[in-house]
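Novice: Produce the entire structure from the sequences given, and follow the hints as far as they go.
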Amino acid sequence: MLLEILGVIALLFGLFFCAVGVLGVIRLPDTLTRLHASGKVATLGVFGLLLGAALLIPSTALRLLALGLFVLLTSPVATHAIAASVYRRREVLDELGQEPAPVEADAEAEEPFQVDVTAALSRSRIQDIIEAQERALRHHRPDIKRPSDSD
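All residue numbers for the sequence shown refer to the numbering used here, where the first residue is 125 and numbers rise by one.
The reader is advised that the hints may include incorrect statements.
As the list claims (entries may be wrong) - Now the in silico label distances, taken between C-beta atoms and shown as ranges:
1. 213 / 185: 22 to 32 Å
2. 260 / 190: 52 to 62 Å
3. 149 / 258: 48 to 58 Å
4. 156 / 132: 39 to 49 Å
It is worth saying that the hints were derived from the structure and are not from the lab.
Note that the Cβ used here is the ideal one computed from N, Cα and C, for glycine as well.
Specialist: Here you go:
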């Protein structure tokens, strides 16, 4: 009797987070806040439903708890990867608003995947690299005519 009551409470807990998460995905304005709502569905909602089912059906408890642990470990990682991708773009689409809303960035934060090559290399070094690439291209693909080639 006690396991049934705890199972129903866990199911209601999971159902509550699923309902609030779905409502958040529908109502929230931008990608990051929607991602937060969907992350709660994937972790707390699903884990509550699986825990409730495991308490109500003890024969499947081990499999359901293993599945719940898997969801609990992988869902935040996927949510973080998506959020990091949106943040790197520095723009969050406000689908309920009129135009894209920029993400406020820290003054000290740098774009992690952009390197200012011209600041690191001198013009002569850049020209040397371009000429080396052109020589390699001429060697590997002599059939291609370039504007710099003379007839």
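Novice: Now tell me, hint by hint, if it's right for this structure.
Specialist: Checked hints:
{"no.": "1", "hint": "213 / 185: 22 to 32 Å", "verdict": "violated (43 Å)"}
{"no.": "2", "hint": "260 / 190: 52 to 62 Å", "verdict": "holds (53 Å)"}
{"no.": "3", "hint": "149 / 258: 48 to 58 Å", "verdict": "holds (52 Å)"}
{"no.": "4", "hint": "156 / 132: 39 to 49 Å", "verdict": "violated (34 Å)"}
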